[in-house]
Amino acid sequence: GAGVSQSPSNKVTEKGKDVELRCDPISGHTALYWYRQRLGQGLEFLIYFQGNSAPDKSGLPSDRFSAERTGESVSTLTIQRTQQEDSAVYLCASSLKAGGADTQYFGPGTRLTVL
Amino acid sequence: LAKTTQPISMDSYEGQEVNITCSHNNIATNDYITWYQQFPSQGPRFIIQGYKTKVTNEVASLFIPADRKSSTLSLPRVSLSDTAVYYCLVGDDRDSGAGSYQLTFGKGTKLSVIP
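The listed protein sequences correspond, in order, to chains A and B. Residue 36 is where the first sequence starts when you use the working numbering, and the numbers rise one by one after that. Residue 20 is where the second sequence starts when you use the working numbering, and the numbers rise one by one after that.
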């Protein structure tokens, strides 16, 4: 079946603009995760959704970052008033259920460049 | 949060066995240990997972000592295609329902396989 998809694959924006990144998880996966990966760095956990429960947003780096998920489907990560430090690859993953014990399936990522 | 520590990089010749160790001194009782592999410009993919003792699958083995404060990923007879970054992830399997959840990836170990 289809894997996790993300769009756009690349996004170039000017400092101060808002951007919206989209993630389509694997159908039937109740958990969805967002990560940030700066060039040459590891994965930085941002936020996770589990079903209809309220997400834990404590991993988001600032109040310019927000994320939403409709039920157990599409999620969007929004970055307002982008800064150059936001340049990174944003990875989305989904898993059948919540928990670090469950295999996460990652999308190809969205490469964000803030000029 | 159980933080993880891994070597930054490792080199190996083709055909050798490679062992990558991850330290997670503050691992909690409910935490599982999962290893992911990441190729350039791709999202990570699952390799193996364990809770204690030894786990083996078709691509790797995972050794976890009794105190669970570390784990070792073993790749038998590596080939050039095993050149990648390997991440150690520690997380629990609780479905909190409240959305309170965090994941900690290590910074990853860059494995370079030499012909």
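Because the hints were derived from the structure by calculation, they are not lab data. The beta carbon of each residue, even a glycine, is placed where N, CA and C say it ideally should be. Treat the hints loosely; a few may be bogus.
List of simulated lysine-lysine pairs, DSBU-like, C-alpha gap at most 35 Å [said to hold, decoys possible]:
#, chain 1, residue 1, chain 2, residue 2
1, A, Lys-92, B, Lys-22
2, B, Lys-126, B, Lys-71
3, A, Lys-132, B, Lys-71
4, A, Lys-50, B, Lys-73
5, A, Lys-52, A, Lys-92
6, A, Lys-132, A, Lys-46
7, A, Lys-92, B, Lys-88
8, A, Lys-132, B, Lys-22
9, B, Lys-22, B, Lys-73
10, B, Lys-88, A, Lys-46
A partial selection of chain A residues facing chain B, derived with a Cβ cut-off under 8 Å [stated by the list, open to error]:
#, residue
11, Gly-63
12, Gly-77
13, Pro-96
14, Gln-118
15, Ser-122
16, Phe-141
The hints, checked one at a time:
1. For the suggested pair A/Lys-92 and B/Lys-22, the alpha carbons sit about 19 Å apart, so the restraint of at most 35 Å is met.
2. Taking the CA atoms of B/Lys-126 and B/Lys-71, the gap is near 22 Å; set against the 35 Å cutoff, the hint holds.
3. Between A/Lys-132 and B/Lys-71 the CA atoms are separated by roughly 21 Å; this keeps the pair inside 35 Å, and the hint holds.
4. Simply put, A/Lys-50 and B/Lys-73 have alpha-carbon atoms about 49 Å apart, too far for the 35 Å limit, and the pair is violated.
5. With a C-alpha separation of about 22 Å, the suggested pair A/Lys-52 and A/Lys-92 falls inside the 35 Å cut-off, and the hint holds.
6. With a C-alpha separation of about 30 Å, the suggested pairing of A/Lys-132 with A/Lys-46 holds against the 35 Å cut-off.
7. Our distance criterion of 35 Å between C-alpha atoms is met by A/Lys-92 and B/Lys-88, whose separation comes to about 28 Å.
8. A C-alpha spacing of about 23 Å is found between A/Lys-132 and B/Lys-22, which places the hinted pair at or below 35 Å, so the restraint holds.
9. Distance restraint check for B/Lys-22 and B/Lys-73: the Cα-Cα separation of roughly 21 Å lies within the 35 Å cut-off, and the hinted pair is therefore satisfied.
10. Distance check on the hinted pair: B/Lys-88 and A/Lys-46 sit about 40 Å apart at the alpha-carbon level, beyond 35 Å; violated.
11. Checking A/Gly-63 against chain B by beta carbon gives a least distance of about 16 Å; that is not within 8 Å, so the hint is violated.
12. Annotation: A/Gly-77 was flagged as interfacial toward chain B, and the flag holds, the nearest CB pair being 4 Å apart, inside 8 Å.
13. Restraint check, A/Pro-96 versus chain B: the minimum CB separation of about 14 Å is more than 8 Å; hint violated.
14. With 8 Å as the threshold, the beta carbon of A/Gln-118 stays out of range of chain B, its nearest partner Cβ sitting at about 23 Å, so the hint is violated.
15. About 16 Å separates the beta-carbon of A/Ser-122 from the nearest beta-carbon of chain B, more than 8 Å, and the hint is not met.
16. A hinted interface residue such as A/Phe-141 counts as satisfied when its beta carbon comes closer than 8 Å to some beta carbon of chain B; here the least separation is about 3 Å, so the hint holds.
Going through the hint list in order, the structure does not satisfy hints 4, 10, 11, 13, 14, 15.
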